[in-house]
Every structure is written in structure tokens, then in C-alpha cells.
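Asker: Letter by letter, the chains look like this.
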Amino acid sequence: MRRILAMLLENEPGALSRVVGLFSQRNYNIETLTVAATEDPTLSRLTVTTAGSDKVIEQITKQLNKLIEVVKIVDLTEGAHIERELMLIKMKATGSHRAEIKRVTDIFRGQIVDVTSTVYTVQLVGDSDKLDAFIQAIGAASVIEVVRSGVSGVARGEKTLSL
Amino acid sequence: MAEMLSGADMIVRFLQDEGIEYIYGYPGGAALHIYDALFRQDKVKHILVRHEQAATHMADGYARASGKAGCVLVTSGPGATNTITGIATAYMDSIPMVVLCGQVASHLIGEDAFQETDMMGVSRPIVKHNLSVRSPEEIPMVLKKAFHLAQTGRPGPVVVDIPKDMTTPNEKFAYEYPKRIKLRSYSPPTKGHAGQIRKAMEMLQSARRPVVYAGGGVILGKSSELLVRLVRELNIPIVQTLMGLGCYPASDRQALGMLGMHGSYEANMTMHNSDLVLALGVRFDDRVTNGTEKFCPGARIVHVDIDPASISKTVQVDVPIVGPLSSVIPDMLEALKEVGPHKDKDALAAWWKQIDTWRKHHGGRFVEQVGEIIKPQYAIQMLHKVTNGDAYITSDVGQHQMFAAQYYGFDKPNRWINSGGLGTMGFGLPAAMGIKLHYPEAEVACVTGEGSIQMNIQELSTCKQFDLPVKIININNQRLGMVKQWQDMNYEARHSHSYMESLPDFMALARAYGHEGITIRKASELEAGLEQAFAMKDKLVFVDIYVDPEEHVYPMQIARGAMKDMWLSKTERV
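Listed in order, the protein sequences are those of chains L and E. At position 9 of the first sequence the residue is numbered 9 (UniProt numbering), and the sequence of numbers has no breaks. At position 219 of the second sequence the residue is numbered 219 (UniProt numbering), and the sequence of numbers has no breaks.
Worth flagging that the hints you see were computed from the coordinates, not collected in a lab. Careful, some of the hints might be misleading.
[Said to hold, decoys possible] As a list, the in silico BS3-like pairs of lysine-lysine whose alpha-carbon atoms are at most 27 Å apart:
{"#": "1", "chain 1": "L", "residue 1": "Lys62", "chain 2": "E", "residue 2": "Lys182"}
{"#": "2", "chain 1": "L", "residue 1": "Lys66", "chain 2": "E", "residue 2": "Lys179"}
{"#": "3", "chain 1": "L", "residue 1": "Lys62", "chain 2": "E", "residue 2": "Lys464"}
{"#": "4", "chain 1": "E", "residue 1": "Lys464", "chain 2": "E", "residue 2": "Lys45"}
[To be verified] Where chain L lies over chain E, by a calculated footprint (3+ residues, C-beta under 8 Å):
{"#": "5", "segment": "177 to 187"}
{"#": "6", "segment": "202 to 212"}
[As the list claims (entries may be wrong)] A few chain L residues facing chain E, derived, Cβ under 7 Å:
{"#": "7", "residue": "Gln25"}
{"#": "8", "residue": "Lys66"}
{"#": "9", "residue": "Ile68"}
{"#": "10", "residue": "Val71"}
{"#": "11", "residue": "Thr94"}
{"#": "12", "residue": "Arg98"}
{"#": "13", "residue": "Ala133"}
{"#": "14", "residue": "Ala137"}
As the structure is a prediction and not an experimental result, all values here were calculated from the model. The C-beta atom is built at its ideal place from N, Cα and C for all residues, glycine as well.
If we strip away everything but chain L, and leave its shape as in the complex, we get (with noise of 0.2 Å):
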């Protein structure tokens, strides 16, 4: 099952190679990872989605937290939480083509940031299965580069991951 593990990290350098060498080193996945500093510079914040059953999630867990450098880890998908990404796509824009996308983009409510005569880039942010879906109705073939931020999620309410 998919899930999404949210860490705090010494912000220090080899922190982060820690965490992407433990993951290949007790052979689990990554399937995106985000990792920035929090508005305090000592911390970095870390959000890797991986997929395993119950069994594999709770080791990966166990074992990011024998990291001396991991604070705090929390499952977001143990509770109700938002999840999101950013993704920029850049699709040939041609002909009737070009006000085909521009519909789907607004269908989709996301923006296109970059025009040329050949070329739309389009910014569109939401959960990775919106994004999945959008490349989907644009097609494979008008599609010439993708980038997706990977996932950032934090959950609902008054839950919160800090110190």
C-alpha cells in the first residue's frame, strides 16, 4: 500500500544520504522524495512516498528512526491529511491543439506559465493522482518533458509535525 512518511531532519550535511542510503540499503522503494529547510534553519523537512505492506511500512519506520539524525517521522496516511505536488509539463501546442490544451488546462485549473509558437509549459499542482490524470487527457504524444516536484503532504487539523 502506498504511503506517505513525513520526517524531520537535522539540517545537516550527509543527513539526507542517510535516509536515501537506508532505504536502498534494506532494499525498500522510494517512489518520490522532497526535502527542504523549515522555517527553523536547524531542521529540514522530508516527505518520501514508498509502497510496502503493513509489515515492510513499520520496519521502514522503525529503522528511519534509529537514524540519530531523524527527530520525528510520522505516517500521514495513518490519519486525514492533504497531500500535494507540483508539476510543470511542457506539451507541443499546434493548430487546433493549442486551444485543446489551454481547455484541459483550465478544466484542471492549472496555469500555463511559458508560450512560444510550438510550445505551452504548463504549472499544475495538486495530488499525484490529479497530475497522473492530466497527462492522461492531454495524451502521451503531445507530451515532451514532465516535472513533478514529488510529494509534500501535512495533515488535517490540528495535527501537527514539529518538535
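Model the placement of chain E on the given structure of chain L, informed by the hints.
Answerer: Chain E only, in chain L's frame:
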């Protein structure tokens, strides 16, 4: 006012203040400022090994015997990479160790400088943690963190990477030994969950076929005496892992010996047929469980460990308890007072009766020496006799290791020193040296084979320089015995590269390094030969014992079977 010291002097001063008596290492360019600081004092004594791997095994042997972290000092590049096997060995068995590695100067890092290796990256998957010194002022705190992390919670090796410019002699900084340490993301558990402990004791006191499965965590957690009290109080059988040997006296009535791949018949049968397993400081390793889906089919499992990640990693447990045994066992004893005595004495008596029946069934276990060709098991039994069962026994890896584990009969913790998890050949001799250095009055014997001993044979030179009169018990079958055994059993006796031709004359070799050598070829000469070796108190004696090359280690579990599925001899399978 705080003293002003260079980075190198701070390192050495810190080691003094931390109470480190010996460090093991090998000098080289990036570590020379530190070596100069060592030279200018005499509190921390440095043991110069002949290969950096041996330095880590010396520190490891000391740590296993004493329970305190061993400390290693090496240079960058090859000095650092040579420690990798030793660090991995310590990591797999959770042994506290601090490895100080020189590194090229900060401005050269990343430029493929001479003797540059990314030791932080190389060591990352085999350390509890690693730290890099980024400014000399940090040195005392970085080292304090290293020793703290290595020795608390589930212990393990910690690497400290020290660029050469951090130790420059003429740049001085205020030194103060850090008394306190703050790590917001690290707090090992101190107490087990009271409700879970109570529940576990209730389950135990109504179980019909309970067994205690104890391992290296008992020894690392310095909880052997507590374990003995608990097991006697419960009056139930105890089996021990390879790493746990000695945590409960082998000669005690309730001890059934080692369990697992080469465990005793009674230990494996007891595990398989139990209805409650109390697992203490173990990790359900594949060499213990055999096929996990067939593991102890009728048993509920209570597992106590300081590391939550060890719980339900390979085998799902019913009652997890996270905490150190040093507080969980006393809490268990306390809970037992409330829970009261066992609910079904008759069931327990019947269980013991069944176990005694298994005990009588010796199966493939060695009984006695016949004729003059020495059986390796007999050699170990004789070693036990000659040393009164009271020596520190280190071992390498292979048949001799299993024979030592099966036949020495360890009655005390911290006496059986072997590479259980990683299975490192070449571990035994340097580990023995580390122990002898700290316990000069104790008998220290390295049980090895002619294959393993050659993996760190150069340390005979270190033994001469630092006067380390260990005894080397070479169980010489002229074969890589365990490889040959697997080839006999699984590859129709095609002995691909398991025969060692051109063995050296070990007696002559020992003498070339300035030691003594004894060769024993006949069973009738074994006892006298060993007596003679141990009588030479101040000499390293290389005892080369020629043994039956056809002998196999039994019992041996059948791969992917249950605990109970074993070969008991070359012909008897249960």
C-alpha cells in the same frame, strides 16, 4: 580559564579524560599530528598493529570482554578502508567501538587528493553513526557524542572523520571535557511497559511448555545475573544463541545449550514444541529460526529488546516489550510476586520430562574419542579441561567456531568472543590480543583453523612487540572445513577450492616471529601438549592440532525447514 590546546592535543586529552587506556592503530600522513600528540604523553598507550583490520578487531575483542568501547586510530584512504571489515563485524554484533580516521585537509576534500577516501560515505551503512569534524573547537563535543552513541542504547561502532587541518599543531583552542551531552533526536528507552511486562508474566505462569530464548543482548546489557535469577525463579528451560553463550551457565540443569543451525537437539526440539517463547536480547536471526514460516508453530512469543526495530523484523511477536533488560528483568521479577506461582505444575513437570527424553537422545553429538586421529570436538573438550573452563575463548569462523561454541561450555558471560553476525575470518587472533592486553592475568585462547588464522597472521609480530602471550589453538584439518562440509552435503562432494595446499609450517612460522610452536598429531598426546602450551605463561604458543578432516558439525538444520528438522550425523535425519 580553559586550557588552550591544538586539535590533535585535544583528541589525546579527551581520550585521557574519557578513561581510554589503550588505542589500537597505524599512523599515516593525515593522522600524523595526532600521532605526534600521542608521542608527547604517556597516559593513552598506543598499540601498533600490522594491518588496520586487526586494530578494529583488537578494540572489538576488548569491548566484548569488558563491555566498554574500544578505540581505534588510523589514517585516511587505505588506513580507513582497511578498518571496514572490522567495523562491519562490530556493527553486526552491536559492539561499542569508536574509530578515529584521519582525512585529507578540508580544502582538498573532493579533489581526489592523495590517500583521500569518502570514509563518511563508505562507512555509512555499517555504523551506528558517523561524525565529521568541521572545526577544531568542536572536537571535544564530537568525540563525546561518538563515545556516548557507541555505548548507549543498542551499542555499535561510530566513525569520526578528522581532516588534517583540524589538528594543526600551532592553532590552539579552549579545551574543556564535555560533561553533558545534548542530542534531541536520540534517547534510548530506559524502561519497559509495565502492562506488557505483567501480561508476559501471566502468560509465562500459565504456559504449559515455556522456554527462554536468550542472546547477545543479555551480555551487552550486563544482565546475566538478573537472567539467572529470572530463569531459576520460573524453573523453565533456557536456550542460548551463538552470541548469548555464557549469559546463563552452560553447566546448569536448566540450560539446553545453543539453538539454531548447529544448535543442540534438545534446544531445537524444545523451541519447536514450546507454547511460549520468552525472547530476551535476540534478533530472530536466520541462523536461529531456520524457515520463519515454520518457526515454533504452537508458540506465542514475548520479545524484549532495547531496539524496537528488532521486534517483529523477521518473526511476528505477540507481546513486544521495548526496554533494557537491566530494568525489564527486575520489573519482571517484581511482577511475578503479584502474578504468583505457576498455574499448572503438572504440565511444567511433564514438559521437563519430555525435555529430559530429548536430552538423552544424543543423536549426532560427539560422545568420545576413539583411536589416534584427533576429533576436533575432543580437542575443544580437552581445551576446556586444561583451562578449567575459565579461559577467554576467541574464535574465527567455520567448523572450529561451531565446535568451540558447542563443546567449550561457557559458564560466564563475556568469555566467548566470536564474530557471530558477519562471520569474519581473521577475527580471532586480534580479538584475543585486545583481551590479553587488558586482562594480562587471564588465559586467552584463540580457537582457529588453518584457513582463518592466515587472514591476520601478521599480528604475530604485534604480539611480539607488545608481549601478548595468547594461545593459538589451530584446529588444523587442512581444509576450509565448513565449506567442505557444505560441498559434501550439497554439491556431491565436489571440493571446489576448499583444500588448502602449501600450508606453512606453523611451528617454524611462530618461531620466526619469536614465539613458541607445538604440533600435536595424536589423540594420546593432546592433553599433555595443551598442558605444556598453557604452562608457558609468558609465551605466545601456536598449538597446531591436526584433526580428522572428514568430521562434520552436527546437528545441522535442514535448510528452510522447521527448528526440529536436523541432520544429527551423516546418516541420521530427523
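Asker: Confirm or reject each hint.
Answerer: Right, here's what the structure says about each hint:
no., hint, result
1, L:Lys62 / E:Lys182, "22 Å, holds"
2, L:Lys66 / E:Lys179, "24 Å, holds"
3, L:Lys62 / E:Lys464, "47 Å, violated"
4, E:Lys464 / E:Lys45, "16 Å, holds"
5, 177 to 187, "holds (count 4)"
6, 202 to 212, "violated (count 0)"
7, Gln25, "5 Å, holds"
8, Lys66, "6 Å, holds"
9, Ile68, "5 Å, holds"
10, Val71, "4 Å, holds"
11, Thr94, "46 Å, violated"
12, Arg98, "48 Å, violated"
13, Ala133, "38 Å, violated"
14, Ala137, "43 Å, violated"
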